[in-house]
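Given the coordinates of chain E, work out where chain U should sit on it, guided by the hints.
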Amino acid sequence: MDSAASPNLDVATPERVALSLPVAGIGYRCLAYLIDIVLLFLFWVVAYFTFTLLVSDVLGFFEGLSGFTRTLMVVGVFATQWLYWTVCEVVMGGQTPGKRLIGIRVVRVDGSPVGVLESAVRNLVRVVDFLPGLYATGCLSMLLTRQHRRLGDLLAGTLLVREERIDLDKYTAPAAEAPAVSAASSRMRLAPEDVELILAFLTRAPQLEPAARTRLGTKLVDRYGGLGEEERATVLASPQATESFLRTRVQAER
Amino acid sequence: MATPLPAFVARRRPDWDTLKDLLARQRAGTLRLEELRTLDVLYRKAAADLAHAQTFYAGTDVHRFLNQLCGQAYGAIYQPPRERWAATLAFFRRDFPRALRANGAFVAASTGLFVLGILLGALVVLLEPRGAELLVPEHLRDFIARKEMWTDGILSVAPPNAVASGIATNNLTVIIVTFASGILLGLGTVFTLINNGVHLGSVGALCVHEGMGPKLFDFIAAHGPVELSIIVIAGGAGLMVGQALIDPGELPRGQALVLRGREAVKLVLGCAPFLALIAVVEGFVSPGDFFSSWMKGVLGLALGALFWTYLLRAGRDELA
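Top to bottom, those sequences are chains E and U.
For the record, in the first sequence the residue sitting at position 234 is 321 according to this note's numbering, with numbers rising by one throughout.
For the record, in the second sequence the residue sitting at position 137 is 991 according to this note's numbering, with numbers rising by one throughout.
Treat the hints with care, as some may be off.
Here are the simulated DSS-like pairs of lysine-lysine, each with C-alpha atoms no more than 27 Å apart in a straight line [said to hold, decoys possible]:
{"hint": "1", "chain 1": "U", "residue 1": "K899", "chain 2": "E", "residue 2": "K257"}
{"hint": "2", "chain 1": "U", "residue 1": "K874", "chain 2": "U", "residue 2": "K899"}
{"hint": "3", "chain 1": "E", "residue 1": "K257", "chain 2": "E", "residue 2": "K306"}
{"hint": "4", "chain 1": "U", "residue 1": "K1001", "chain 2": "U", "residue 2": "K1069"}
{"hint": "5", "chain 1": "U", "residue 1": "K874", "chain 2": "E", "residue 2": "K257"}
For the chain U half of the interface with chain E, some residues (derived, Cβ under 10 Å), not all of them [stated by the list, open to error]:
{"hint": "6", "residue": "W870"}
{"hint": "7", "residue": "R881"}
{"hint": "8", "residue": "A907"}
{"hint": "9", "residue": "V916"}
{"hint": "10", "residue": "P934"}
{"hint": "11", "residue": "P1014"}
{"hint": "12", "residue": "A1016"}
Please keep in mind that the hints were generated in silico from the structure rather than gathered at the bench.
Only a predicted model underlies this, so the values are computations on that prediction, with no experimental measurement involved.
C-beta atoms are modelled at their ideal positions from N, C-alpha and C, and glycine is treated no differently.
Okay, chain E solo, but in the shape it has when bound (with noise of 0.2 Å):
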């Protein structure tokens, strides 16, 4: 729930309002990295079945065409080497395929997109950072970094930020079955966290143990319902009543 342990990229907008954006680190730049040098290998693994293929064939057919086909895989190499992460970063807004799955993005220090210029700065970097092998230098780099910024990035001025699947729909979901206890009229409000603590909970349920869902379920009731004896027994008969009873409660608060 709370993103202090992973540093953000703070921007001030022209509409006078503060953002604050998750930075992406080691790990998620490690993945991104990943699927983008695994889309490369499929791709010459293609190239090169085609292009012996052509090389070899049998008919001759395809024999006065060799040379250009060889001109295009030497253009082919470089391309993936080199133009592969600027291309594609300027064509799909600081994203490689790689980045676009794992929900990572490149931008500026002030929050901006990237142009060319900065794009092709970094990716030419990439060459610094990979010394002396395995992206040494850059991983270096970016653990001693605040932002996790490689040597790259330093130089183009430019970092990474993760995208979040955020769900809203935990907050207007409605409860499951009619609450056993309706509204206990006297009642504290709920403050923003309180409601995030209680959303946060209902969330998670079904996933937890039913010894600490009973628990946690008993710990939030007795701190937000405000309950007389009687109806506490009765939410708290099974853990769909109690949770039942937590969704009304959020619910109420509108």
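For chain U alone, coordinates are given in the frame of chain E:
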């Protein structure tokens, strides 16, 4: 006290969903003008909601959701201009030569280092021919010992267009490494420049020593001037980056680096197409004896002169 959280979400959610849809359509490029206006209005509303959430619901999922939504909309609205073709033209007509002239000192320094390397390599080999065993790779020494050019063999196994593209990508990789290693406090660039210089100087001197000078000249003449100029320019770009790291001036180091990096990469990107063109010359004209030596020499000088005239003159008369 502010509205309770669920009520706030229920009330404002339709607007956020619409904004999300519009952003997705904007990315796909299927947005009409009036929808663009709606997007702008909705972004401003969402920004206001974000400010509200910051104050009253800090740290909740709604807050994070709005952060992300506004971040995406901000990215979509404040995009860099899209006229890529025009921008590319302007880059080569004006920006690239201008960036080069503004940073002439770095290119000069890089030329100095490169020439220093050439002199070192040549001197070592000329004064002590056995030094070649240290400086010149073995397969080249074998070729030279047989009085053959190592480049003659290339054409007999591969068609020239494949050779040319191979050379082009190889050279591009060299200039990229020369530039990028500038991030290592400039030391990488200095090393690459001197190393390449020593290599060139020692091979040249060994060829001259073995009486193959004319053959080497014959091979290098047509593409040498432009190719070496480009390596030196990339070296200048690398030195710019290194200088920003060592002596950032009045700016914080990070900012100086970003500023210099943007400027330096212009030199590298600007060189790329010329490197591809010169590789065509290197692939088709330089090897073999279809063209005589003096024709290659004249071609090389003419191309070099053209290239530097372009670099020194282009975009100068339009407002400085």
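**Prompt:** Is the Cα-Cα distance between K874 (chain U) and K899 (chain U) 27 Å or less?
**Reply:** Measuring from Cα to Cα gives roughly 13 Å; hence the hint holds.
**Hint consistency between K899 (chain U) and K257 (chain E) [alpha-carbon to alpha-carbon, up to 27 Å]** = Measuring from Cα to Cα gives roughly 22 Å; hence the hint holds.
**Prompt:** Can R881 (chain U) be said to touch chain E, with a Cβ gap under 10 Å?
**Reply:** With a closest approach of 6 Å, the R881 (chain U) hint holds.
**Prompt:** Between K874 (chain U) and K257 (chain E), does the CA-CA distance stay at or below 27 Å?
**Reply:** Holds, because 18 Å separates the two Cα atoms, which is no more than 27 Å.
**Asked** Given A1016 (chain U) as an interface hint, is the shortest Cβ-Cβ distance to chain E below 10 Å?
**Response** 4 Å, holds
**Interface hint status, P1014 (chain U) versus chain E (Cβ within 10 Å)** = This interface hint holds because 8 Å falls under the 10 Å limit.
**Request:** Double-check P934 (chain U) for me: the hint is only fine if its C-beta lies closer than 10 Å to a C-beta in chain E.
**Result:** With a minimum Cβ separation of about 4 Å from chain E (threshold 10 Å), the hint on P934 (chain U) holds.
**Prompt:** Is K257 (chain E) close enough to K306 (chain E), meaning Cα to Cα at most 27 Å?
**Reply:** 21 Å, holds
**Message:** Quick check on W870 (chain U) please, does its C-beta sit within 10 Å of some C-beta on chain E?
**Reply:** 8 Å, holds
**Request:** Grab the minimum C-beta distance from A907 (chain U) to chain E and call the hint holds if it beats 10 Å, violated otherwise.
**Result:** With Cβ-Cβ at 9 Å, under 10 Å, it holds.
**Request:** For the pair supplied as a hint, K1001 (chain U) and K1069 (chain U), confirm whether the alpha-carbon distance does not exceed 27 Å.
**Result:** Holds - the C-alpha atoms of K1069 (chain U) and K1001 (chain U) are around 9 Å apart, at most 27 Å.
**Request:** Report holds or violated for the interface hint on V916 (chain U), using the least CB-CB distance to chain E and a cut-off of 10 Å.
**Result:** 7 Å, holds
In terms of the numbered hints stated before, the structure departs from none.
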